[in-house]
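Chemist: These two chains come separately, so use the hints to put the complex back together.
Chains R and V are the protein sequences, given in the same order.
With positions in the first sequence counted from 1, the corresponding number in the numbering used here is that position plus 22.
With positions in the second sequence counted from 1, the corresponding number in the numbering used here is that position plus 175.
No lab work stands behind these hints, which were simulated from the structure alone.
Positions of the beta carbon are idealized from the N, C-alpha and C atoms, including for glycine.
One or more hints might be untrue.
To be verified - Heads up, simulated DSBU-like pairs for lysine-lysine below, C-alpha to C-alpha not over 30 Å straight-line:
no., chain 1, residue 1, chain 2, residue 2
1, V, K292, R, K188
2, V, K291, R, K192
3, V, K195, R, K105
4, V, K298, R, K170
5, V, K294, V, K207
6, V, K280, V, K207
7, V, K283, R, K192
8, V, K280, R, K105
9, V, K346, V, K298
10, V, K282, R, K188
11, R, K188, V, K280
12, V, K346, V, K195
Stated by the list, open to error - Some chain R residues judged to face chain V by a derived CB distance under 8 Å, without partners named:
no., residue
13, P97
14, L182
15, A184
16, V193
17, P196
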Amino acid sequence: MRRRNWSIPYAIFLLVFVVVPLILIVAYAFTDEEGAFTLGNFRKFMMHPEAINTFIYSIGIAMITTILCLVLGYPAAYILSQKQFKTSKTMVVLFILPMWVNILIRTLATVALFDFLKLPLGEGALVFGMVYNFLPFMIYPIYNTLQKMDQSLIEAAQDLGANPMKVFTKVVLPLSMPGIFSGILMVFMPTVSTFAIAELLTMNNIKLFGTTVQENIYNGMWNYGAALSLIMLLLIAIMSLFSNEENNAQNESGGVI
Amino acid sequence: MQQTNFIIEVQNVSKYFGEKVALDNINLSVKKGEFVTILGPSGCGKTTLLRLIAGFQTASEGEIRISGQEITQTPPHQRPVNTVFQKYALFPHLNVFDNIAFGLKLKKLPSSIIEKKVKGALKMVGMTDYELRDVDSLSGGQQQRVAIARAIVNNPEVLLLDEPLAALDLKMRKDMQMELKELHKSLGVTFVYVTHDQEEALTLSDTIVVMSEGKIQQIGTPIDIYNEPINAFVADFIGESNILNGVMVKDKLVSFAGQEFECVDEGFGENMPIDVVVRPEDIYIFDPSDAAQLTGKVTSCIFKGVHYEMLVQTTTGYELMVQDYNYFEAGREVGLLVKPFDIHVMKKERTCNTFEGRLVDENHVEFLGQEFECMPVKDIEPGATVKVEVDFGRVILQDNEEDGMLTGDVNFILYKGDHYHLTVRSDWDEDVYVDTNDVWDDGDRVGITIAAEDIRVMQ
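Next comes chain V alone, as it looks inside the complex (with noise of 0.2 Å):
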């Protein structure tokens, strides 16, 4: 044995269902008495990793371990972990107090044990003297407390947590996120929790796994998470952000939204083009001065409680979300500032479209499942594989999807302050990348297009 103080290892996991990859090379370790949030939008398979660790499903391929011991393959009642489903999952044929008792009577703990750890469990949640009451009888929170001594009263190693929150209103979901909190603080068990509000996890968690289609994103504290996310995907999914396409001229200046602001970062190397993340709380704006950095108009501003949140167009043909406690009424020509170390450097995961195709004749290629027509094509023999490249502002979507080439569903939408970034998940199952002006929405059902002269093919 060369563990370890991880208390849940899962290592190169992955899970289908039939073709669909639902879960793809996953790693992930957690410390004992850790407070993990799974993070992700509904279908990133965030669920799916929970029901793993918890047993009722099993990994395709991989190994899990709890405590050191291997338990892939081991059936959940076996398993040290206990589980709060989202929908309370209590039984409807027992009064609370046997629902809470039905782990220890399996065990056949004597009786007044047991009744010791009901009512201490029940202390625990704040549902004293509801013993004997029918748990149809009860609220949603109530119901949810319930759940939550049920799963705590057999003293797990681990607590999983499965979206406990998301069917209580919000008031209901903040106190009990507090709750839970404490309960964490109190317990000293290890909780999972898995949601996809990230106001949730930033709130409750020690480490968040950001997760989308089944991989996971970035794995880190709330503050890292929020204030050096890794990618676009996390920028967008964690908080409000402006995302914008940029290049890092040299060490310490990067250029974007029209205009060259110094940094923090660097070793991206000359003239590299970046990612720029900027919260809208961290752009100063104010009436315009020889300190802005940016000029621009007001296009809308919406009071949101503590702060305005505004829309400013800059001269440079940029829209930047900003954040500020002062009000600047649409129409006002504002200035605007970034100070360096609020500005955020990301790698791009890539700069065009490539896909893996074949040479079918000197004018035509395959990719994405289809033969398209491309410019005549010398030195390479038909019949070969090759690699093919597509600016992503070069694919040509219709709302028609007879029109097209091929057809996808839109997936995911990046605005990046003067253009829309979408991801087309097309018929085939890979993705296609679309800088457009175009407005569409998620799940619109498109056809695709790419004109022969944008198709670039090579060995």
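Chain R with its partners taken away, still in its complex shape (with noise of 0.2 Å):
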């Protein structure tokens, strides 16, 4: 048997979970209940101020939480890498631990925890559980190109004069960028279309845009719930392309995507 046979069973895995479904959407969001043509559902999203709306809010959280796990990230992947935390990798499973943790569990114990410390929920508790939950997913991909940096370039840099301050703006960020956009891309695609975190901690009071698809597909309105799910699938594949571009301008590996 050839090698590249040993590939089947995966392929076939795509077609019937990944390709037939996503060609489903399509069919579904272009058509009406009696199976006919039509473009209805997506004017029915234009026309519908709330659905809109709801769009823009769960972009802007995603942004929100991409934001915060950048700024908190970015400087705990700067201090995993630095040299006495190298040898030791205990130090960073602590912090990559919780991206082994089942989702819901984490998003229970942040209820949990709010309920103990008698924090309201709400937007706040919100934006807390998705950084809480997708930070682990920016430190990595950062921490992996930081590390793998060449040791030397930074010492190339103090030999020409550059402070350390210097260093980080000339040197250093710029080549951590790959990292930056795999983290960057990273957080923002699952926080755009996630639902359950919304519910659980906001007791169901604010609604995201995938909760909006959620509904509207157990409410049995597939095909309007398949054209909503096709708006946000374009915003993350152009989102994705953006980002591929950009690290095929850096020339740089280390990304995880």
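Modeler: In structure tokens:
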């Protein structure tokens, strides 16, 4: 048996669980309940201020989450990549550990924590929960690029007269851009489409776009739900295209994606 | 200020990495405009010394001055030196121009001056019109030129070069050596160059600093280092050489390889054990005749391009390497002759192993972190600190490390014509010197055994 044949099971899996559902989403999005072609589902989205508001709100929350993750995650990744931690992976594992715990368990724990501290659930809790859940996805790719960075580049910058601040802005930061883009992608994309975290952390008071999609599908409005999904997919696709281009321009591997 | 025409002064500098001594009390002065090469095998501390001068590491002890200014604790970005790194360390996110302009932009020079200087530096390294190229698209040699341009464009007082040519192929390396020498001449800047390649050091330098095991072995001009090596290590490391045990019979008369030779050295005393160095190109080889001081048989002959390299087994039982333009095939009987001024005599660093130890009881002595049985010791109190001597030839090495009383790694091998002189670094971190006829390899892990009757205990 030739080696390429070994990929057949995976190809079948992809076909059944990724390609066919995608085709179905597109098919449903452009048809009405009778199965006739229509753009009505998209028109409905455009005419429906509530849906558009949710959409914009979701993007806003995702952007805030991503920015907070970046602001918190970069220094953490930077510290982890320093010499004294390089030898022991313990600290890295401690930071990455939450990634291995089920997202629902983490979110339920956050709810319990807020209850215990008598803090109100709502927008603040939502952003906290998202940042808490997705921070490791920001730290890891940045840590990866920083850790692989050639130490002699930093020495070369020092040698040419750069003080520690300049070394960071002129060399370390530009060279860690691939990791930053990877991190942004890995945080932004799942946060846009999240709904379980929002439900649990806001007692269902704040609706995110993911929730809207889920509600529509749940209530049997498959065609409209599919159209909303497609809009979200397009957004993510545009994001990742943009990010890929940036990555290529950097011509530096090290990111996770 | 009592200074000085020395641009770099390194005084009593030591560097420790934890327990390990990387540099041991280094003293070095470099004159302005000199081309100094720090030469040594890998792990000898040469790169550490360079990094201390550049400021990437700080000395554990001692003082470093540049142009009379104490800079031991100064961070690298405030030192008037620039470095060319072994693996170039060009910034991959910048093009050639921005790489070279990096230091100038930090100094906030006007852009017209930056452009002029970058162009000048590129011209100097023969890379005109490469400004906008991506550094990843350049070959190794071109990257190295950019790295040199990036350093010299800042007009440093000292240019530090850390094995800059090590990654290039032989032909490229030779070309770059010549260019570096030209560059040094035209810039007039002090070069401190680190390499493990002795030929490179001999070609380029005004002064060579030979290092080994964190210590400076010898400082001198290439000619001095080659012709007058101070010890067996330097003689062995620089060029090919025959190093033999000998005895200085009296002034101007030395005995080695089972024969007495006239020489030019004096002042060693009478019947002193010494080391003799004879370069293989200084031995005359010819058909046996009355002129021959030694006779022997050629055991191998290899063509080396310019000359033949032959091994001759003398009738007195020594093996000598001889280089000559004439071909003497293996098996042929030959005569050998060495002229007096081609014999270089060196003081022996040691004639036997000496350890510091402690007498445990009448029959046991502790040294090298181990208790050894010894012949009964009478007039020394147990518990006293003692000196222990063991002859080189009396130390037994074993393949199987479990068989030894202690273990160590073969660290340095010197062929002495009829036997090998090994330096074995014991796990106690003290060196044990061994004379043996067995063949060992550098880095071999060995067991070490010393018999009771071979241990001499002294007050």
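Chemist: Out of the numbered hints, which ones does the structure contradict?
Modeler: 4, 12, 13
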